[in-house]
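A.B. asks: The chain contents come next:
Protein chains: 4
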Amino acid sequence: MIKVGIVGGTGYTGVELLRLLSRHQEVTIQAVTSRKEAGMKVSEMFPSLRGFVDVAFSTPEDADLKSCDVVFFATPHGVAMAQAPELLAAGVKVIDLAADFRLKDPAEFQKWYAMEHTCPELLAEAVYGLAEVNREAIASARLIGMAGCYPTSVQLGLLPVLEGGRQLVETDTLIADCKSGVSGAGRKAEVGTLFAEAGDNFKAYGVKGHRHSPEINQGLSAIHGAPVSLTFVPHLTPLIRGIHSTIYARIKPEGRDTDFQKLFEERFAGEAFVDVMPAGSTPETRSVRGSNMVRIAVHRPGNGDLLIILVVEDNLVKGASGQAVQVMNLMFGLPERQGLDVVPLLP
Amino acid sequence: MIKVGIVGGTGYTGVELLRLLSRHQEVTIQAVTSRKEAGMKVSEMFPSLRGFVDVAFSTPEDADLKSCDVVFFATPHGVAMAQAPELLAAGVKVIDLAADFRLKDPAEFQKWYAMEHTCPELLAEAVYGLAEVNREAIASARLIGMAGCYPTSVQLGLLPVLEGGRQLVETDTLIADCKSGVSGAGRKAEVGTLFAEAGDNFKAYGVKGHRHSPEINQGLSAIHGAPVSLTFVPHLTPLIRGIHSTIYARIKPEGRDTDFQKLFEERFAGEAFVDVMPAGSTPETRSVRGSNMVRIAVHRPGNGDLLIILVVEDNLVKGASGQAVQVMNLMFGLPERQGLDVVPLLP
Amino acid sequence: MIKVGIVGGTGYTGVELLRLLSRHQEVTIQAVTSRKEAGMKVSEMFPSLRGFVDVAFSTPEDADLKSCDVVFFATPHGVAMAQAPELLAAGVKVIDLAADFRLKDPAEFQKWYAMEHTCPELLAEAVYGLAEVNREAIASARLIGMAGCYPTSVQLGLLPVLEGGRQLVETDTLIADCKSGVSGAGRKAEVGTLFAEAGDNFKAYGVKGHRHSPEINQGLSAIHGAPVSLTFVPHLTPLIRGIHSTIYARIKPEGRDTDFQKLFEERFAGEAFVDVMPAGSTPETRSVRGSNMVRIAVHRPGNGDLLIILVVEDNLVKGASGQAVQVMNLMFGLPERQGLDVVPLLP
Amino acid sequence: MIKVGIVGGTGYTGVELLRLLSRHQEVTIQAVTSRKEAGMKVSEMFPSLRGFVDVAFSTPEDADLKSCDVVFFATPHGVAMAQAPELLAAGVKVIDLAADFRLKDPAEFQKWYAMEHTCPELLAEAVYGLAEVNREAIASARLIGMAGCYPTSVQLGLLPVLEGGRQLVETDTLIADCKSGVSGAGRKAEVGTLFAEAGDNFKAYGVKGHRHSPEINQGLSAIHGAPVSLTFVPHLTPLIRGIHSTIYARIKPEGRDTDFQKLFEERFAGEAFVDVMPAGSTPETRSVRGSNMVRIAVHRPGNGDLLIILVVEDNLVKGASGQAVQVMNLMFGLPERQGLDVVPLLP
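Chains as they are written, first to last, in full-length UniProt numbering: chain U, 1 to 347; chain S, 1 to 347; chain L, 1 to 347; chain P, 1 to 347.
Keep in mind that the hints are not guaranteed to be accurate.
The list makes no distinction among identical chains, and a pair is therefore deemed to hold if it is satisfied within one copy or across any two copies.
As the list claims (entries may be wrong) - Here are the simulated DSSO-like pairs of lysine-lysine, each with C-alpha atoms no more than 27 angstroms apart in a straight line:
{"id": "1", "residue 1": "K41", "residue 2": "K208"}
{"id": "2", "residue 1": "K66", "residue 2": "K93"}
{"id": "3", "residue 1": "K36", "residue 2": "K188"}
{"id": "4", "residue 1": "K262", "residue 2": "K41"}
{"id": "5", "residue 1": "K208", "residue 2": "K93"}
{"id": "6", "residue 1": "K104", "residue 2": "K262"}
{"id": "7", "residue 1": "K66", "residue 2": "K262"}
{"id": "8", "residue 1": "K93", "residue 2": "K262"}
{"id": "9", "residue 1": "K93", "residue 2": "K41"}
{"id": "10", "residue 1": "K93", "residue 2": "K104"}
{"id": "11", "residue 1": "K93", "residue 2": "K3"}
{"id": "12", "residue 1": "K262", "residue 2": "K208"}
{"id": "13", "residue 1": "K252", "residue 2": "K188"}
{"id": "14", "residue 1": "K252", "residue 2": "K111"}
{"id": "15", "residue 1": "K104", "residue 2": "K252"}
{"id": "16", "residue 1": "K262", "residue 2": "K111"}
{"id": "17", "residue 1": "K66", "residue 2": "K252"}
{"id": "18", "residue 1": "K3", "residue 2": "K111"}
{"id": "19", "residue 1": "K41", "residue 2": "K252"}
{"id": "20", "residue 1": "K262", "residue 2": "K36"}
{"id": "21", "residue 1": "K208", "residue 2": "K104"}
Source of the hints: derived by calculation from the structure; they are not laboratory data.
So that you can see chain U by itself, here it is in the shape it has in the complex:
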């Protein structure tokens, strides 16, 4: 049994990790930390876990995280980088669901997250937690910076057309018009995400620049093997879970004869968690609610030179905790679907 610790179990990615890991047959949840709620049963805060998770929150000090095999950080940005070096030194694997180990350039991190990186020496070692791209590196990694929710959907959506330097679409006019449910903002007291603010309302945000932009461009450039520049416009939509990314790519002359449907189907044929929908589909977010699946549809209206890629994911599962469990499975040599074989909840 893998001994798991979770730092920061009071947020949405924390409770989602607990939902998934509590049914994972190779895992024991050894500790869930929350300084503020120490002593309270986790299931008292989240009654949905009654009968499934019996552990109480503990302080980081009492948690003895060093005796875990792996520690997930479901925390605000900045927490993982403060604790990761010590855990790694003790032989514990670290999976950070926040942004501490996503960006390779500490200056970029500082620019977007307004804090200095405290262990830049680990950035080179840290593996980017996007299994479909980095499966082998993940399997042998000690430290993972999990892909963000938006970046997961955008990178998977563009993977087949950019991978390996393919010259199918223009790489400097890419647009990702993304829509996220409100849980993406986390479980923290803020006016902007109140029900009476975000309900029956739709808006863009971060148009000037969003933290996920450098992550997306870094990831796409790595996939492509050359610089890629994508314009990312996130929107807040009144759903609890779900991201829908509508990606626009201009097809290059050398890409015009490509059968994009086939390209996507072949690329993802062996992937457990990427489902290429039949031609003409328009996937809906609820078709992946509660599951680690991403569904993708590819459109080329009028057989013209614009490729439209639609991607849906559950931002808390494939966009966060589910993908983290997938990555953990890889790190411990388990079947990738273990603990993630959940049917989406519809309606």
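Position chains S, L and P against the provided structure of chain U, taking the given hints into account.
C.D. replies: Coordinates of chains S, L and P only, in the frame set by chain U:
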């Protein structure tokens, strides 16, 4: 023109006062205070007011509230009682939308609001702002404690059967099962009212005791002229605006021959803001969205001894700011509908 | 492996059966019928099932339901009673999720469902599918009339105080104020349940009389062993899944010394799917979203003579398809939790 | 007083016309037709109108529409073209909110709406009801084909950069990624727009081609004076009202020195219903809820060559009924804001 000041313009009752008063033809909005946002245009915080409200937030000091004819307090509990004495002394009328002047007994206030009342000497003078009950007293009042959102719906629903000591229903087994939209909790950063918490979710709260219980019982007892005891169970429902009260009353033997439909229709025949629906109706909250109207339906299943009264209101209008404007109209001798002649927004 | 047939797989209870049964390790889904969609893959209509359910809809004729071990009817009222006799004769067990076999009196059925009962001779044999009440009878039954969604919550909520003729509460003044999510109305094209009608809206319905009233009173009377009369008022609330029942019971003098919290805890101690919450709790519907669990809290404000029982369930799971799987497990001697060990989805 | 007839008063655009026109001081509502509901009071179907609209539905025959000054068609496509010729011949002005008179080419109409146009001879005369573009033509028109909901937002968003042949942006790579609330689908019984289908869900639709595409391109080409080709991708989002269009335009070399914020502000300076937000804004749909206002924000990330234009409108007001009243005002020489001076409802 009536010079109006609003203390606390950043919450939902504040913006709702501004929506209504900005179209009120006898009113000038002289000042809207917010210490925190002083200097910012009100319409910058609430773009819905662009073109309708040109004023900026000011500090209480700069606002010169004493030069107003009337000041509304759309503030947390405790603010109005700190400022009312001085304003009243300056000849300014005061309308408090919070609870400072609702309960007649300062001990009760202290018990439920966890603060000492700082001007108990004003409690006797303060008139309870429920126009359909206290119209005359309101017209000559200097100081109003506006009825709460739930209490407005419950008192109006029971008014015809309790008024003037009528012996139609049992007064010690009354139940009000009330459901409120999330805006009732105000525009303040709290986890419990986040979209991802309150959305697609339904729960009771305050079953042990809710602040509106003493207010309801005080009001009903005053209406009845004898003690009335009602069990009040509030619920949070995923709508932005709206309260639906389902009231259960046991009909006394002496009430069994009453034509309750007729009783209700006659009682409210002259009321501008109470609409008794045809027999058999089930009013919906959206039928009053954005309006000061209350709609009531009366049911007596199987002609038995249980009376079921359904009441819907918009908690921010008739349950708060609209009713406050109605009360202001009464205080200044204006037509009661002035500024409130708004068609509900459906869908 | 149990060979399962599902008649009527295009509605919400159908897709929910498929979600649960597709992960049930003792079950093979042999046929899903829909005359209208025959030939279409089930997962084409419900992409959430892609990768989990590979079967296509078939016509009833092609389905060879007689070779199944058990057939679920997830159909409109009236379908099961037309097909049950033949299936039973062929040795197939029948579980009807509609109302055909709920009411024992065919005249009552005809009154509430506006159709004549075509096999009244089966009504006596049919077992009411509420496992916590009828476990043994279910285990040996051939034909089950599943409990309705509202009736499940109300009966479980009152079970401990009424069972076995207990004289704890008045049985003629019971009230159940129930609130249901919109999926309870089914997946059929109707104006009243459109998003733009039912969204941001709350209303009562069926106040004059609802089909679940006779079912509730029949069930409670059977539980109590004497006539029970409950007033049932359903409400439509803007959530997708979930029922919240607020039940009011007057405590009799002989019940006043009862420790109701303890009574409930002891009654349900061995039940896999009934969770009595700690004293003072207010359970939320999302705490059971997607799961077969019912959560109950018991309140007695001011230690007075009113008992308030709060019950939450997922109307599509414990209120329909999950309970049907639970019943199937009992009928086939399987562990009651088999295939139902799902963590609720929160948020 | 202008005598108004409304054909088809049972849908959302119908009730919205009634909401607005019932407060319009120069209007008398003479008839509201619905063959199916003839005889029923309009306010019985829409209780929100109780006290504001006293008229009953009548059959088209009884309605005597020829005695009206103007008739609005709030009907499915195809109804207006059947009745318009006779009304026009009788001297009645006609405003069609459906698509019968939007497209200039009857072949295009037939292609997209799957019916033959029955009065193509009127298409040349019909004026496109987008006031900000066609104000003068509208003022003297007899027959108006109102702009669609999506096309209104997209055309207003691109008006300043395309008008009069301006060479500021590429006209063959334009993209409009649009998101609509569910009321846009109308008040008709359909599975896809049920609360339990469209709630907590997000999806694209019509990616292959949507009826509003030819309308948008026709309108933009007319504005530009040269062919414009825009890719239009609509999405369904779980809000009741509201459209958010995110428009992407590539800036041409000759447009790079343009101050787009200023361009937009100047273009719309005199417009009553177009509000150019301050630089950097991200307008939200609720900021125009219930009002005829459109709010626009202009972004140019990194001062690069991509222009992002954000447009919000209420699809039932500026996208339909409000704009129709605006057009009526123009046709009758009334102030454009008459009856439309409504503060948006927030929250």
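A.B. asks: Next, verify each hint and record whether it holds.
C.D. replies: Status of each hint after checking the structure:
1. K41 <-> K208: Between. Shortest inter-copy distance 23 angstroms satisfies the 27 angstroms Cα cut-off; intra-copy 42 angstroms does not.
2. K66 <-> K93: within (10 angstroms within a copy, 55 angstroms between copies)
3. K36 <-> K188: both (14 angstroms within a copy, 21 angstroms between copies)
4. K262 <-> K41: Answer is between; shortest inter-copy Cα gap is 21 angstroms, intra-copy 50 angstroms.
5. K208 <-> K93: neither (36 angstroms within a copy, 47 angstroms between copies)
6. K104 <-> K262: Neither. Shortest intra-copy (33 angstroms) and inter-copy (39 angstroms) distances fail the 27 angstroms Cα cut-off.
7. K66 <-> K262: neither (47 angstroms within a copy, 41 angstroms between copies)
8. K93 <-> K262: For K93 and K262, neither the intra-copy (38 angstroms) nor the inter-copy (45 angstroms) Cα distance is at most 27 angstroms.
9. K93 <-> K41: Classified as within; 25 angstroms inside a copy, 43 angstroms across copies.
10. K93 <-> K104: within (19 angstroms within a copy, 61 angstroms between copies)
11. K93 <-> K3: within (11 angstroms within a copy, 45 angstroms between copies)
12. K262 <-> K208: between (36 angstroms within a copy, 18 angstroms between copies)
13. K252 <-> K188: Answer is neither; intra-copy 44 angstroms and inter-copy 43 angstroms both fail.
14. K252 <-> K111: neither (34 angstroms within a copy, 31 angstroms between copies)
15. K104 <-> K252: Answer is neither; intra-copy 30 angstroms and inter-copy 34 angstroms both fail.
16. K262 <-> K111: neither (40 angstroms within a copy, 30 angstroms between copies)
17. K66 <-> K252: Answer is neither; intra-copy 52 angstroms and inter-copy 58 angstroms both fail.
18. K3 <-> K111: The answer is neither: 35 angstroms in one copy and 49 angstroms across copies each exceed 27 angstroms.
19. K41 <-> K252: For K41 and K252, neither the intra-copy (57 angstroms) nor the inter-copy (36 angstroms) Cα distance is at most 27 angstroms.
20. K262 <-> K36: Neither way: K262 and K36 sit 51 angstroms apart in one copy and 31 angstroms across, limit 27 angstroms.
21. K208 <-> K104: So K208 and K104 pass the 27 angstroms test inside one copy only (22 angstroms; across, 39 angstroms).
Figure legend: structure checked against the earlier numbered hints; hints not met, in rising order: 5, 6, 7, 8, 13, 14, 15, 16, 17, 18, 19 and 20.
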